[in-house]
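Protein chains in written order, with the working numbering: chain A, 2 to 169; chain B, 75 to 785.
It is worth saying that the hints were derived from the structure and are not from the lab.
Heads up, some of the hints might be wrong.
Partner residues are not named here, just some residues of chain A that face chain B (Cβ under 10 Å, in silico) [what the hints assert, rightly or not]: (1) Asp39; (2) Lys51; (3) Val79; (4) Gly83; (5) Asp84; (6) Ala85; (7) Leu92; (8) Leu98; (9) Gln103; (10) Arg144; (11) Cys150; (12) Ala156.
Values in this document were obtained by computation on a predicted structure and should not be read as measured data.
Backbone N, C-alpha and C define an ideal beta-carbon position, used for all residues, glycine too.
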Amino acid sequence: MEKTPQRPPAHGAEVSVHFVVNGREHTLELEPRVTLLDALRERLGLMGTKKGCDRGQCGACTVIAGGRRIKSCLALAVSHDGDAITTIEGLEQDGRLHRVQQAFIEHDGFQCGYCTPGQVMSAVALLEETDVAALSDDEIRERMSGNICRCGAYAGIVAAIRACAEQR
Amino acid sequence: MNARPIGQPIDRVDGQRKVTGHATYCAEFLFDDVCHGVMVPSNIARGSIVRIDAADARAMPGVIEVLTFENAPRLPDKGRGATEPPAGREKSLLQDNLVRYHGEPIALVVAETLEQAMDAAAHVRATYAEENAVLAFDEAKEQRYKPGKTGSGKPDREWGGAAQSQAEARIERTYTTPMEHHNPIEMHATIAQWEGDRVTVYDATQYISGVREVVAKTFGIPEESVRAVCPFVGGGFGSKGSVWSHTVLAAMAARVVRRPVKVVVTRAQMFVNVGGRPCTEQRLVLEAQRDGALLAVEHHALSHTCRFEDYTEACTQPTRSLYAAARGHTTQRLVRLDVSLPTFQRAPGESTGTFAIECAMDELAYELGIDPLELRLRNHADREPYSGRPWSSKKLRECYEMAAGRFGWELRRAQPRSHREGHWLVGWGMATATYPAHLEEAHASAALMPDGTVVVRSGTHDLGTGTYTVMTQVAADTLDLPIERVRFELGDSDLPQAPVSGGSMTVASVGPAVRAACEALRAKLLELAGGDASRMYAPPAARVEVHARASPAAEDETKQPVATRSFGAIFVEVRVDADLGIVRVPRVAAAYSVGRVMNLKTATSQLKGGIVMGIGMALLEESLLDTRSGRIVNANLADYHVPVNADINDIDVAFVEENDTRFNSLGARGIGEIGITGVAAAIANAVYHATGKRIRELPITLDKLLPLNEN
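The task is simple: from the sequences and hints, build the whole structure.
Printed below as a string of structure tokens:
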């Protein structure tokens, strides 16, 4: 049977995108060129996820999609149709901070706070990816190097992640 | 009884908002009818626009307006109503068809969505009459000139008389530093909204009252008609200390389209439209006796600026204040290029200047066969060298001792390239850190609220510097209340006025104002309670509010009877791969004399952050100007390298106990900038010690080091 290739939508035309963000269902009518980051920020008003470069170079836009940390500025919203996405606003449970959030405060793992949501999401995912307690500090640093902190709070970030890994 | 709040390493009071994503940065205020503005950059460096074609862009879906020089509203004095730094700068506001640098805004596209605005911006076409642009520093420097004034006052200084004895050692060396860019992770952003004749600008800034003044003067409207709001700043490092074109363009567009307009500067535009550190070329001459005593120090600096404003990177400033040479001479000259306006970037002049003078001191130490630390101790300046004034407080000797001890400097082997571990060449280096102390007039209010809490307000900023936290501590300390009962508010130009959060002066300026307001509130509450201190903080029926201000003793810092400066000592170990030339910095130990520390936790973080940026300056950071087109070719964070987590290892920061009450009532001098100073020199000196190669051109990249194997 011959398949008709799907025609891309006309310039400016919108497509319907459905995803679950922090447990809540959303359906958006979006141009296909809208990134996941801009959909979260400008369409859903979830401003916790930050834009720092729009090119996948700084990590401020890190969210967890399908269980993996991704840079939402490099993802088109349409390519996450049907996905479950967790942003920084979705980490608290019953009004209590996630232990990574708490550890970032205690170890002063930030200054201006702008890269922080991305750092926290990246750290949360890292703690799920592997047994971080078994990693050296250098390995933690390497695995957190997709998230730039221009204030230079790296020592606090590593200390916070180390503390979380050892709580488990 | 708990310890006094000041100095305690308490967690940031805004920490919870930051880790939950609930801290609202300026691009994040929500408006139902907001539209998006995107600046269109020029793609020549110098000339004029012959024709600009915005018809295609205007016809695109969602486009509301395209402003160009042909239709942009005319501003008083061609938009030059506020050009006095730090807030006011020469801006690009679509007032004429001239192009003065590559990437200058030639249009602003406003559309319903960001995607539509970006797309349409790419469809604005300009035809230019191009003129020859001057872009090569090495050629342009022949036309160097003396600036009228610099940030530090006079461009040239000369002090001391003829040398009493003959110099037994002399070194003359030239050091260079490249163009750099601040690159805070929050890009500059403005949302502007007009209501009748009044405009509110949500602007990522280090200077809200400066934004209010510049917007008002540029539009020719009263300052009372402008409100600037900025509760959180996602890093600044100097770039957000001025009001740049995009802020005014957002307000202009919002007035035209009668809707709120949001303009977010792109990362590429962060390298062009919001300033950056100019490149420098610095010639150092040191003359000394055999025992190391300096007889003369000369420091002659060139830095680039643009064609339409003089900005001087005052590199010679630290040299005027560091060492007790009998004779000194410093000069500053500018080199004009057809590029965008450079500006102050973290420790302006001091970061670049300490690289040169502190490398030169190291070279002199090797020349004389004296330990680099010992050379500095022998030339310790008990008074400010160029002015002869005593210091308000100076604990540099204690810094050297503390940092050297924590580092283990006494185990240093004097000979370069004398320590190898496998393929790693190991070296140690040190440098002096320094930054002047500034303060300006600041105002604050304090109010006891009906719920029994105290709200303290000042129109200052928290760039990650800890202002929310530290001012809460100062207030709680003064009021004798637990910090939980005090809330500090900032970031709104309707609040009592405070100076720019730059020059490491927020704590030094705003802290005394907060203290004065809280003292006044205490006195008033005690009076209202009839002298009964146990009842003074009882919740009142209506708020009880007082205002206060704190000002410097003399307007002109150079007229103060004492000199005020912070100091520090930094020691680093580097490892250089003998085959590949890779440089790593496994450990740093630094100690600082910065006056009283307000919060040990945030202060330590801020200084570590300065050292991290210094490591970037030493090894990574460089904006590359294409001298044919005038374009910055690496205008993104993949090609402009800043330190990432894997670049940073152990950094040990310590403070010498100090309380500089001759400077201000808090005894604190400020810490935002000193952390970056001296770092690049300490690393360059350690690289020399490791390899025997002296790199005098930042950043120290492997191409400059290789080959390293001796054969």
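Numbered hints the structure breaks, given as an ascending list: Checked against the structure, the hints that fail are numbers 3, 4, 5, 6, while the rest are satisfied.
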